[in-house]
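J.: Model the full structure from these sequences, guided by the hints.
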Amino acid sequence: MPEDNMEKVLKIVEALRAVIGSSSDPFNVNVKEHIEALRRLLPEWKELDEILADVEAMALLSRIVELQEKWVRYQASSLYVDPLLVELKIVASTPERLAEVFAGSWHPILKIEQVSKMELMNAINYWNRLLPFDKRFVEEFGQQRGLASFDAKRLVEMKILTEEELNRRFWEVYGELKPMLDLHGKVDYWKFVEGKDSNETIARAVILSHIVSSGLASIEVKPLEDNIFIVKPKLSKQPRSVAITISRPDRRET
Amino acid sequence: MMSVESDVAIKVRKALQIMLTPKVRNPGVKGWELKRAIGKDYHTVIQALNTEIDKLGLTVKIVGESGELSPQAEQEQLDNARFYIIFKEPLTTREASPSGMSIDDMAALAITLSYLTSKRGKAPAKEVEKMLKEKLPRWKVEWNIRRFIRKGYILKDDDGNLVIGWRSLVEVDFKSLLTLLLATPPKEQEPVEPR
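Those sequence lines, one after another, are chains A and B.
The numbering of the first sequence is the numbering used here, which starts it at 12 and goes up by one.
The numbering of the second sequence is the numbering used here, which starts it at 219 and goes up by one.
Just so you know, these hints were derived from the structure itself, not from any lab.
Computed from a predicted model, the values in this text were never measured in an experiment.
A portion of the hints provided could be inaccurate.
To be verified - Simulated pairs of lysine to aspartate or glutamate, EDC-like, Cα-Cα distance not exceeding 16 Å: (1) B:Lys351 with A:Glu98; (2) B:Lys369 with B:Glu389; (3) B:Lys241 with A:Glu130.
T.: This is the structure in structure tokens:
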């Protein structure tokens, strides 16, 4: 089938879908004209896709006819009212009047909202069977684990690093850090350790801790500003330990 | 041996209990649930119940897939329909206020439902929002639509249209709604302040 014929069918399908999907008048669709068009194109259909497009167009046209029938029924019913008139009345009415209109046609459902004896017994049984909160999810998620710490040995065991690589990476990371410290005096900790993935971030953080332990750099924590900086080594100060937690390796969290 | 009258009276009480007991999701009870609880002749029991609660200003409303049904409808239709007890007479705004709906909320519901009814029960959400913004602040429009959807007064379909929901079909008399709206006198002109 030539491309333009297929396009014609697809346009019909699209137009019919638009009418079905909205609340517009189904009589805007000229069903006879569309059927004629489909009938003229029918002998040219050869591929399965073309036949399926034709079937879809016919199915949508039958849906339009169904909507037209409903439309006629609705217009003949006592509920039919010109939408424009409704809009005008809404615009012209005060909220108080509109509330009266609703209340005047509202018949609320009656229901009881009271705990019965049976519900109370169910609740007591449920409560008595309920495990304490700390034991409740052990079966599904196992024992809750605390924060773990990494050292170089652990990273080697985890195969994130090998011992030879650790030495190589140490000087590689230091080679990256030193010019930055020489230039700026301090470097944002999180920007520096951030790697391309979680393993890389952990590895960089551990290597940096070795650099700091070796006295080649120092850490400056600004708790009020929630900042951590890597700075040049401060030999005069008493060395102290700084714990930096990486909860989500790809996201800073102290 | 139990008399027919006392048997019916027990069944009527049982039907009332089942219909009023809180449900996990929506209120009301399915016909087949009533059948299981009070027997095949449940529609006769429901008619007896209706006579009893009528004295209290209440009535049983049966809603099937095609809308409201009478207790004399076909057995299969009744089995699949949902049975509710509703107020027979509508309320005034003052009486309706303790239900948790403010004047603005009721006005918003009147606008939404009358607009949807005039559009054969379905209209794009954007059109309804535009109508609501005529009377309510923007934040309240979105808040109200979410609330009406949650309560079942309206539904939102996959194409972004708002559709009249199950609760409106049960609680709202659409004919009265439109009649009252169309009978609204034009708003009195507000006096213009001299400059």
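J.: Hints first: check each against the structure and report whether it holds.
T.: Outcome of the hint check:
1. Simply put, Lys351 (chain B) and Glu98 (chain A) have alpha-carbon atoms about 12 Å apart, close enough for the 16 Å limit, and the pair holds.
2. Our distance criterion of 16 Å between C-alpha atoms is met by Lys369 (chain B) and Glu389 (chain B), whose separation comes to about 12 Å.
3. As the CA atoms of Lys241 (chain B) and Glu130 (chain A) are separated by approximately 12 Å, the hinted pair is consistent with the 16 Å bound.
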